[in-house]
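Enquirer: When you get a sec, could you build the whole thing from the sequences and use the hints?
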Amino acid sequence: MNTELMEALNILEKEKGISKSILLEAIEQSLIQACKNHFGKADNVKVSIDPETCDFGVYAEKTVVEVVEDPVLEISLANAKMMDSKYDLGDVVQVPIQSKQFGRIATQNAKNVILQKIREEERRALCDEYYQKERDVVTGVVQRYLGRNVSINLGKVDAILNENEQVKGEVFRPTERIKLYVLEVKETPKGPKILVSRTHPELVKRLFESEVTEVKDGIVEIKSIAREAGSRTKIAVWSNDPDVDAVGACVGINGARVNAIVNELRGEKIDIINWDENPALLIENALSPAKVISVMADPDEKTALVIVPDYQLSLAIGKEGQNARLAARLTGFKIDIKSETQAREAGDFEYYQDEEGYEEAASQEDVQEEHVQEPEVPEESEE
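Read left to right, the sequence shown gives residues 146 to 528 (our numbering).
For the record, the hints were derived by calculation from the structure and aren't laboratory data. Each residue gets a CB set at the ideal place from its N, CA and C atoms; glycine is no exception. Wrong hints could be hidden among the right ones.
Have a look at the derived ranges for each label pair, beta carbon to beta carbon [as the list claims (entries may be wrong)]:
no., residue 1, residue 2, range
1, 401, 257, 27 to 37 Å
2, 408, 165, 36 to 46 Å
3, 276, 208, 13 to 23 Å
4, 305, 398, 33 to 43 Å
5, 186, 305, 39 to 49 Å
6, 218, 165, 27 to 37 Å
7, 313, 338, 16 to 26 Å
Straight-line distance between alpha carbons at most 27 Å, and here's what the computed BS3-like set of lysine-lysine pairs gives [to be verified]:
no., residue 1, residue 2
8, 159, 278
9, 161, 278
10, 464, 479
11, 301, 165
12, 338, 159
13, 350, 464
14, 262, 161
15, 335, 350
16, 278, 338
17, 278, 181
18, 191, 181
19, 331, 278
20, 414, 464
21, 226, 191
22, 262, 181
23, 335, 301
24, 350, 361
25, 361, 414
Expert: Here it is in structure tokens:
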């Protein structure tokens, strides 16, 4: 048993993640290459390696002839008889080759073949490992700035955080640990090239999956997400279990779950709303925290007219239109927001007051009469 070789292969397999069979194949190729360098050709060279004991042998298949013209491919009958008396002319004899006889150059070339195979398999193993992490969140350690890009160490390999994938205003310090979304893994001659992002909407989704057990288990489903990195994110959630509150599960006790994600995103605001199959209700929820009087949605045209109280108009639109813009992305509808006064002047709807004097809105074309059922009053019994 070749104990030293077996131990070396076991260590490489454990540390580099390279299969022992691939390493044995590399050794076989290196021995054949060494024979070629030593003898000038290796077409008749065979290598046998026992994967259990790591014992190996190198043999040259030579044809038995009377007169040897090519000693690499042929052997004389007399020499063949010395090995075994049963050999005759035309037989093929396996002649053992002692690897110790190889010259320095042949040995060096064989070593290079093994090292090259190890490097190739190490790169392939890294690529396979990080291909599985594509479209997922990883934790990385900030190393240094490369111009405006950032080099991030992911453990066994470095990743690049490009400038356009960085959140505006975020500054990283060396050795700082951050969460990243793996955009793409490319295989290159120097190993895997990994592109990561801090701005992708899926980063928020994956963080919720890791922080909220109900989301990870599929009880609570994130239906839609809209994000402006570094500023605000809106997500619409839906519970597949009527006993589970989707928004409450994502917020957590005293906001513990959502606050953990907000801290990871360095203070980015997150609005969590309930998903609804009814487009009007979904749009109303999406415009939260603004209050809505009426929503008239057209599912075919993907447009919606939203009426809000005058004092809620700026809140519904948001700073620089952010709230309305995120709501439009979240719902997929083109949203037109008007105040009560604007809608009244444009004649988009009629107003009527309920018993409490609160003004509600409805489309002029689709105003429906409300039928209020009067409660039955028991007749007074005659005394």
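Enquirer: Hey, residue 262 versus residue 181, does the alpha-carbon distance stay inside 27 Å?
Expert: Status holds; Cα separation ~18 Å.
Enquirer: Is residue 335 close enough to residue 350, meaning Cα to Cα at most 27 Å?
Expert: It is violated: about 32 Å lies between the C-alpha atoms, which goes past 27 Å.
Enquirer: Could you tell me whether the CB distance from residue 276 to residue 208 stays inside 13 to 23 Å?
Expert: Distance hint for residue 276, residue 208 is violated at roughly 49 Å.
Enquirer: Within 27 Å, alpha carbon to alpha carbon, are residue 331 and residue 278?
Expert: 12 Å, holds
Enquirer: Residue 278 and residue 338: Cα distance at most 27 Å?
Expert: With Cα atoms ~13 Å apart, residue 278 and residue 338 stay inside 27 Å; holds.
Enquirer: Within 27 Å, alpha carbon to alpha carbon, are residue 161 and residue 278?
Expert: 18 Å, holds
Enquirer: Please verify whether residue 191 and residue 181 have alpha carbons no more than 27 Å apart.
Expert: Given pair residue 191, residue 181 holds - Cα atoms ~12 Å apart, limit 27 Å.
Enquirer: Could you say whether the range 16 to 26 Å given as a hint is met by the Cβ separation of residue 313 and residue 338?
Expert: 25 Å, holds
Enquirer: Residue 186 and residue 305, beta-carbon distance inside 39 to 49 Å?
Expert: 46 Å, holds
Enquirer: If you draw a straight line from the CA of residue 278 to the CA of residue 181, is it 27 Å or shorter?
Expert: 42 Å, violated
Enquirer: Between the alpha carbons of residue 335 and residue 301, is the straight-line distance 27 Å or under?
Expert: 13 Å, holds
Enquirer: Going straight from one Cα to the other, do residue 464 and residue 479 come out at no more than 27 Å?
Expert: 18 Å, holds
The structure shown violates the earlier hints numbered 1, 3, 15 and 17.
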